[in-house]
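Just so you know, the protein sequences line up as chains A and B, in that order. In terms of my numbering, the first sequence opens at residue 1 and continues consecutively. In terms of my numbering, the second sequence opens at residue 467 and continues consecutively.
One or more of the hints may lead you astray.
What the hints assert, rightly or not - Covered by chain A, according to a simulated footprint, are these stretches of chain B (three or more residues, beta-carbon under 8 Å):
no., segment
1, 467-481
2, 544-550
3, 628-635
4, 665-673
5, 689-701
6, 892-903
Claimed, not checked - Straight-line distance between alpha carbons at most 27 Å, and here's what the computed DSSO-like set of lysine-lysine pairs gives:
no., chain 1, residue 1, chain 2, residue 2
7, B, Lys-933, A, Lys-44
8, B, Lys-779, A, Lys-180
9, A, Lys-7, B, Lys-858
10, B, Lys-933, B, Lys-475
11, A, Lys-71, B, Lys-603
What the hints assert, rightly or not - Selected chain A positions facing chain B (Cβ under 7 Å, derived; list incomplete):
no., residue
12, His-36
13, Lys-44
14, Thr-46
15, Ser-80
16, Asn-181
17, Cys-183
18, Ser-329
19, Ser-345
20, Gln-373
21, Ile-424
Simulated from the structure, these hints should not be mistaken for laboratory data. A quick note: this is a predicted structure, and the numbers were derived from the prediction, not measured. Glycine included, each C-beta is placed from N, C-alpha and C at the ideal position.
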Amino acid sequence: MAVNGLKNHPYIPNSTLATQEEMLKELGLSSLEDLHEEVPEALKLTRNLNLPPAMGSEFELKRHVTGILSKNRHCDEMLSFLGAGCAQHYVPALCDEINSRGEFLTAYGGEMYNDFGRFQALFEYQSLVAELVDMEVVNVPTMDGCQAAATAIRMAARMTGRKEVLVPDIMDPDRLMAVKNYCSPDITIITLGHDDGTGQLDLEDLKNKISDKAAAVYFENPSFLGFLQTQGQAISDIAHENGAEVVVAVDPISLGVLAPPTAYGADIICGDLQPLGVHMNYGGGQAGFMATRDEERYVMEFPSRLFGIVPTCTPGEYGFDDVAYDRTSFGHHREHGKEYVGTQSALWGITAGVYLASMGPKGMEEVGTTIMQKVQYAQKLLDELPGVKAPALASPGFKEFVVDFTGTGKTVAGINQALLEKGIFGGKDLSAQFPVLGQAALYCVTEIHAQADIERLARTLEGILA
Amino acid sequence: MQRIDRSEKVRKNFHQAKWDEPIIFELSTPGERGINVPAAEPEIQAAVGVPEIPESMRRKTPAALPEIAQPRVLRHYMRLSQQTLGADVNIEIGQGTCTVKYSPKINEQLARLPQVTELHPLQPEETVQGMMEIFHKTDTILREISGLDRFTFQPGGGSQGILTMASVVYNYFADRGEADQRDEIITTIYSHPSDAAAPAVKGYKIIHIGPDKDGYPDFEAFKAAVGPRTAGFFVANPEDTGVYNPRVKAFTDLIHENGGLCGYDQANANGLLGVTRAREAGFDLCFFNLHKTFSTPHGCGGPACGATGAVKKLEPFLPGPFINEVDHADGTKGYEFDNRFLDDPRSVGKVRSWYGVAPVVVKAYAWIMSLGAEGLWETAKVAVLNNNYLFKKLMEVPCVDAPYIDGKQRVEQVRYTIEKLTKDTGITSGDIQRRMMDFGMHYWTSHHPYHISEPMTLEPTETPSKKDLDEYIATLKHVFQEAYDTPEIIKTAPHQSVCHQVDDSPSDDPDQWAITWRMYLKKAKGRA
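If we strip away everything but chain A, and leave its shape as in the complex, we get (with noise of 0.2 Å):
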């Protein structure tokens, strides 16, 4: 046998010989060899892995992974405007904190009398963003906003019994790619026109396709490409005229200063958690919530985890427990529960809470209208730029907006590949998949970019086109 341990490991205890013999001699075995003796010989490996070798020290293992990630020109050390369902926002200190928290880190699956803490969180972060969005159910975060539209989708269609689902055509794409993926091959996605001048949904489009096999009506406010659907109280009549239901996507750092979706009409809100109190991580911090009204006839649709506050036998005392648990694939239902469920984003649902709880009602209220000031100043300094057009669609907007260059006589690819050269990163390019918007690119701006970024961002371009 070619193989051999590697004893003496920090993180393995028991990788001391000494111990080993002790315990194979319990076991009236040999060796570590002896182990296994299920697998049948044929399927055993009789080398080793072919894999880099160990690193020595703890040291070392700094060094390497340092080494390799020093590759990366991070968005603290660039000045960035992209966006496109992934924000660069202010993470308060306090987020890391809570979010690093070995506790909270490294629990998991405890039951509420030794995972207390980690249940009432996650029962504060959904009664939280219950307060955002207006609505009375939110649940345990899903993988992300894509796995969230997806199920409120297909909860929708659990609920109506029918199988047609209208989008509109300049949602999210990658998105748009998963939700056809979570709904195939029973549930149609319908594409709904817009507006080429506003970007605003297409009413007649919609009037046309909807029937009575609609599940849902789904859209994003704001939109993909950063506007605000001004008609959702109009789509929402025609989707429950239809009996639909109406499914809205928000980005819920705009709900400080913007109406949320219960204004106008919607019965499922989804949406992702990353503008709050979560860094980019490279699009690995995004986490999905859900939220609809307290009627059972969603309760139960509901295929996540939702954590609800009961008595205990001691009066006075808060307990936590799973609110209708055999809804889910975890009670007793497996392939009958609605969908699955499994180890989603919990601890971003967490760090979210303690952002929410951070800022309060005045703090949602002025990042909500800081952001939408720098947007318009932005949007004001590009489009004074010839042959540019800041928004290209005529309809307000929030954190993102289309900037047309097409009248410049320049590609995006160009103008972001100079951008890059002095250290920008310059809007998603758009002009592949949504080539009806010719040359233009998704730019993107927070309360992080200072007056003096938005300046740069425009005295930069001025000097790439001229």
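Using the hints, position chain B against chain A.
Below, chain B alone, put in the same frame as chain A:
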């Protein structure tokens, strides 16, 4: 002065932190705030004025969030963290099927560097070469560990890995025009519930195979189930009982002979690293939970990663993009995205945003690099050694038994039964679970429904020392003895926990359930 006697292994004086901490809304004091927000500069405010919000989109009433100064917010969450028994403060043996092992702190530090946290997923490739290198190298490592040919890191956890496998199976047969004909997925009763639930999302009819008298998936029942309608076979091996099916190749061969695909649920892979692989056992697909086997922490239930691999013929069906290593003209290596999936109708497309949970991949990479091939083998062997040591010691306890393969070894965990204890005393496994918490010990029964009566599922992994194992065993024995001597103390447990037994009757009652604070105020306090 007399020294304290430390020979007692049972922590009889344990008490979990208990703060009587209010719900966060109860801490609100109007006017307080936890953080200041950067305001737009005066020049910006002068230039643009108040934000342009259409009336229909303006929030009319501020969100009813609490108003709390920063020290109190911090204290609140620190107290909640102290009231959480994470693996860092617990001898985490009791959470079977979840592989809760030690998560090295250096890995956490590395994943929290701005070179990870402050990366945007749409940055130009040339600015994220380090991250792409880690993704690519981890892919290469998982290929070697599994024998499969390509991994995607997009799935956000094992269950989404199972959905990804089901999606690949669906698209594969759709591409061959057989999607309608092949509409069944076979799994086993002791595989994770998501092995049934996730394929059901893709519309599959699920067929369960039960155990034979030895606890192996019943081959006769399996043969009867396999046929032209079979799309795939999704199975954990070892299953959640800890029993490894030595005839697994016969199962996968039969599926292949009937034109189906085999997906390996490797949530229980920890005891097999470097010992045996998915490829040799005949699997076409598999997933690894990086948050389990590869030591990234579980985070109260994520973020995680269910890295999913496939054999070559299924590679075009995986969600994208992939990362390829390329040779630059100057002889150096670099990395670029492979976006062929966007134009390939066979691809699942996306199951999650962008490329997956990058910090989890960084932590897994660092863990693997700290161990190498020999360390992974040592991990598996010690995990199995620890498990079988625990198994042997517990089987010496009269009220403990473990169905199936009597006298043989288990792999990563064991699903025990304490049915005898229940018959003798009326104390159930659920009661024991509550009482173990009075000693600072976590204990898990099993998934519902219980196919083994009064189950107890323990998985030590390679993390605990022999002393830790002995302490856990001593505590269990102590509690079992209590069941015979003073059962009331168990029935009324916990006594040393944060709270006492919950009254769960509101949890299934729509008139009483309270999923949020506003629901609680409305239902319990009558506030509109």
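Cross-check of the supplied hints:
1. Only residues whose C-beta sits within less than 8 Å of a C-beta in chain A count toward coverage, and the segment 467-481 of chain B has 0 of them, not enough to reach three; the restraint is violated.
2. Here's how the segment 544-550 of chain B fares: 7 of its residues keep a CB closer than 8 Å to some CB of chain A, so the rule of at least three is met and the hint holds.
3. Here the segment 628-635 of chain B counts 3 residues with a CB under 8 Å from a CB of chain A, which clears the bar of 3, and the coverage holds.
4. Residue count for the segment 665-673 of chain B with a Cβ under 8 Å from a Cβ of chain A: 6. That meets the three needed, and the coverage hint holds.
5. Only residues whose C-beta sits within less than 8 Å of a C-beta in chain A count toward coverage, and the segment 689-701 of chain B has 0 of them, not enough to reach three; the restraint is violated.
6. A stretch counts as covered by a chain when three or more of its residues have a beta carbon under 8 Å from one of that chain; for the segment 892-903 of chain B and chain A the count is 3, and the coverage holds.
7. Between Lys-933(B) and Lys-44(A) the CA atoms are separated by roughly 31 Å; this puts the pair beyond 27 Å, and the hint is violated.
8. Restraint check: the Cα-Cα separation between Lys-779(B) and Lys-180(A) comes to about 23 Å, which is no more than 27 Å; the hinted pair holds.
9. Of the supplied pair hints, the one linking Lys-7(A) and Lys-858(B) holds, its CA atoms being roughly 24 Å apart against a limit of 27 Å.
10. Pair hint Lys-933(B) plus Lys-475(B) holds up; C-alpha atoms about 9 Å apart against a cutoff of 27 Å.
11. About 15 Å separates the Cα atoms of Lys-71(A) and Lys-603(B), which keeps this hinted pair within 27 Å; it holds.
12. Interface restraint check: His-36(A) against chain B, minimum CB-CB distance 6 Å, threshold 7 Å, status holds.
13. Hint status for Lys-44(A): holds, given a least beta-carbon distance of 5 Å to chain B, under 7 Å.
14. Below 7 Å, beta-carbon pairs count as interface contacts, and Thr-46(A) has none with chain B, the closest being about 10 Å; its hint is therefore violated.
15. Checking Ser-80(A) against chain B by beta carbon gives a least distance of about 6 Å; that is within 7 Å, so the hint holds.
16. The beta carbon of Asn-181(A) is positioned within 7 Å of a beta carbon in chain B (closest approach about 5 Å), and the interface hint is therefore held.
17. Because the smallest distance between the Cβ of Cys-183(A) and any Cβ of chain B comes to about 9 Å, over 7 Å, the interface hint for this residue is violated.
18. Hint status for Ser-329(A): holds, given a least beta-carbon distance of 3 Å to chain B, under 7 Å.
19. Look at Ser-345(A): its Cβ gets to within about 4 Å of chain B, closer than 7 Å, so that hint holds up.
20. Restraint check, Gln-373(A) versus chain B: the minimum CB separation of about 4 Å is within 7 Å; hint holds.
21. At its closest, the beta carbon of Ile-424(A) sits 11 Å from a beta carbon of chain B; the interface hint therefore is violated under the 7 Å criterion.
In this structure, the earlier hints numbered 1, 5, 7, 14, 17, 21 are contradicted, and the remaining ones agree with it.
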